[in-house]
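Dock chain B against chain A, hints included.
2 protein chains.
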Amino acid sequence: MPTTDIATGTRAVRNVLFIMCDQLRADYLSLYGGRIPTPNLERLAKRGVSFERAYVNSAVCGPSRTSYYTGRYPASHRVTWNRVPLPLDEQTLGDYLGSAGLPLRLLGKTHFVPDRAGLAELAGAHSQSDPERRRLFEEGGFVPIERYDGHFEPEAASPYRAYLQSRGYASDKPWTDYVIGSHASDGKFASGWLLRNAALPARVLAEDSETAYLTQRAIDFITQQGDTPWALHLSYIKPHWPLKAPAPYHALYGAGDCDVPIRHACERQNPHPVFGAYQRLEESVSFARDEVWRTARPVVMGLVRQIDDELGRLFDQLEQLGRMDDTLILFTSDHGDLAGDHWLGEKEYFFEPAIRVPCIVVDPSPAADTTRGKVAPEFVESIDMVPTILAALALDPRTHRVEGRSLLALTRNLPAAAHWRDCVFGQLDYAYREARTFLGRGPDECQGWMVRDTRYKYIHWEGYAPQLFDLREDPREFHDRGTDPALHGVRGAMRQRLFDWLSTRKHRATETLAQVEARTHAHERMMGIQIGKW
Amino acid sequence: MPTTDIATGTRAVRNVLFIMCDQLRADYLSLYGGRIPTPNLERLAKRGVSFERAYVNSAVCGPSRTSYYTGRYPASHRVTWNRVPLPLDEQTLGDYLGSAGLPLRLLGKTHFVPDRAGLAELAGAHSQSDPERRRLFEEGGFVPIERYDGHFEPEAASPYRAYLQSRGYASDKPWTDYVIGSHASDGKFASGWLLRNAALPARVLAEDSETAYLTQRAIDFITQQGDTPWALHLSYIKPHWPLKAPAPYHALYGAGDCDVPIRHACERQNPHPVFGAYQRLEESVSFARDEVWRTARPVVMGLVRQIDDELGRLFDQLEQLGRMDDTLILFTSDHGDLAGDHWLGEKEYFFEPAIRVPCIVVDPSPAADTTRGKVAPEFVESIDMVPTILAALALDPRTHRVEGRSLLALTRNLPAAAHWRDCVFGQLDYAYREARTFLGRGPDECQGWMVRDTRYKYIHWEGYAPQLFDLREDPREFHDRGTDPALHGVRGAMRQRLFDWLSTRKHRATETLAQVEARTHAHERMMGIQIGKW
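One line per chain: the protein sequences are A and B, in this order.
Per the working numbering, the first sequence starts with residue 2, numbered consecutively.
Per the working numbering, the second sequence starts with residue 2, numbered consecutively.
None of these hints come from the bench; they were simulated from the model.
Some hints here could point you the wrong way.
When chains are identical, the list treats them as one kind, so a pair holds in a single copy or across two.
Taking lysine-lysine and the BS3-like style, the derived pairs with C-alpha atoms no more than 30 Å apart in a straight line are [to be verified]: (1) K47 x K507; (2) K47 x K375; (3) K534 x K189; (4) K534 x K174; (5) K189 x K174.
Nothing here was measured: the structure is a model prediction, and the numbers come from that model.
Isolated chain A, as found in the complex:
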């Protein structure tokens, strides 16, 4: 039990700051050897452990975030795509922290959708009768300071909308007109929805942009809390589309500064059917064109640079308040980005740029002093965030539900670190994607499952041959060995790992392990039943 190792000195964990970006791939960052300078992330990494093999359990916002917020694989929490309501029986980090008296505050995006229909079915009209609980239900356990899912014109009641208007952005659609809107060289309005306009500066000042606004609200909240413990999910909505950066970030980088896409002509020749269908999606067709990625990628770089700058402001304040000494800080992203890699736009597929994300854990405990600044090679999955937070706060680890592992084992070099996982798992349900209709499949016939270890990546596709990549021989994943006779044995072994994993998910979650222990062979003792006695 890692929780027993928590120091109780002045550097005990009292607060939690869980920072997430949206669609931020790891390899872009200087933190991981990439081209975007991220001095503030590097500064954070020096205080803790950065993980170079951190993977999401799904490269789609909805299922990935639900894994981050429940500590469970998509196969277990069953939110397999965006806006799929969370089943009523699931519990979230907010539920766990809230029941311990530490509300999980939210600033930014969750993408969470409650199962209102299920609740109505279960509880009828009375599902409305307790406003506080109802609010928690609606927000997946988070207590919004301000929920801001981004990517849309904010609703009328949005504080950010009011803020924009108070700052003089005079419009009924300030987000559309200013935050993602630009003026073209001819003076006409240029919509941020279109990639051709991505390089134009936003009409919003950097200090009023989404990233700066959310950061300032976080600084204000943390400052106002004083010495009262808090837990905050600061969830940026960038560098996700619409791709639009304010000055000066829009112009920091040009086409010559960005990585060229990781792609090879052979990938378009007779691709795996699902891969081929994804190549046909509109965003893939766009990003396959050189002018598109050459326009888009520098904007992403600028947006990431802005996040790093804003994090610098936040970290300065944490230091000034002394909060660096009693706050567990997690930094990651809900998934990566393809932006032309492998002839695909967006994310979703199982290629490394889509599934590998940055991950930094700052554990203020003196027990973690020996690992500060370390770059850890162990595999991390999204499901590890919940158990890490529960362990840091010495809360019940909910081992009957939570499927991830506490990263404190690695920050504090606990015995559990010696038996770490040797692979990661992913899932993709492409039922909601046009790729499904290209393939003529039904909405319940679209599951993909991935297992990746240090050498191989194996993908099982429902109804099709598998895909297999030899990451040592082919680190850029150009050559699908899914039907190569020479690797028959490897595929069998990887499929067996997937099966072993799938057959050991935590399905039975309505009883704790302690309850199972108590009820084991207890029929006579607990219920007075005698079975099979002569």
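Quick look at chain B alone, frame taken from chain A:
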């Protein structure tokens, strides 16, 4: 869609009678060539289709019944053992019928346990505020005429208890003292809990025994309904333990009349670890003794004979009321029985006597006239009952949740019959059993998974080698080929079937398939989002 084929004439399905026995194996019955005369089941079978390959999805009451009541595999509904609360997001046959205005009445056993803790967590004190919905929640969607789970002294409020006392069984424990109690030859009280007393007659009259009482209540209910449509689950608690039959059924059969156990000395030599652990359970040690099965089996035979007699009374009344013409009748059991087979007592394991159950479907529709009296060879699973009932009543088939298939395809010889399943699946979570402690395993390390086709039965055990039986060469399942090099390829193919099955379960159940269709590639149309457009 089978529902479109329902006749609308005078023999349309208006009522549902879903009859279940507890722990009734198929091969004992004359209906299936066994030694117990079951003339009334044969009479019922002549009216419909009897299935000779009907299998439960778990040979334990709780998970098996939950599959019967939800139409979902244990891996999906997650009630993997007895008294595991049903997750809040699951829906049951009672929910489906109730929302169509046809309450699912209950007489007898369900073994259902609600997730009260989960509901309290979700809805707080308000979970109590709507008594009617609360009652449905407590009962898993059933509307009890009388819930009677058996196997215990009934609670003070039990109508059966009051009935017994009104009939002169003067005791505070009338069930213990009379229903399962006997007088030994020396005049002393002989408890029905002990197998040594099984052959002694119960102190209750046959007409006041559990089987007769539940049947009479069913006859009364159906009669009182008149022409008002109804759905009734008549759920007998016999021939489950405690083994105690009233006169004359206690003495109808003797040791010479019953089947000798299906067992072989080789099964005790170096058995598979899980099989070996089950052989060590108290009931297995008991039933391995000849005097135990020779005492117990004739009592089971008498109890089954009584059920058949009582069903005769019920069917007479259905005929007299004309209800045979407008009632869908299903007859089955929640699992089978071992009673010494394979050196095991009770059930749970994957041997045929434990998982194969009787199954009769009487479909009054004229569309089913061509199949009356047929013995069908197709594989049937517990999960087929819900879709059969929904189809017969032309209700929404809930294909996003329900994993079974409508048996009307077979009673009405619909096109779907041409593409029927070719195997059945089973699951066993032995976490709650002493077998786990014998093996030194944790409560989350005890999954067993079975796939059985017409030739082979393959069992994947978490942490151990698999088991494999060649049912053609070894129909009595004496010779475990789980490590036989000659069958390596067979095991690989069967494991692949298990994986394909497990990876296609209906996890995403909070959206219907129609909702997925509507949301496919709909981001621009439904939400005004433009992704990847130049």
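Hints the structure fails to honour
1
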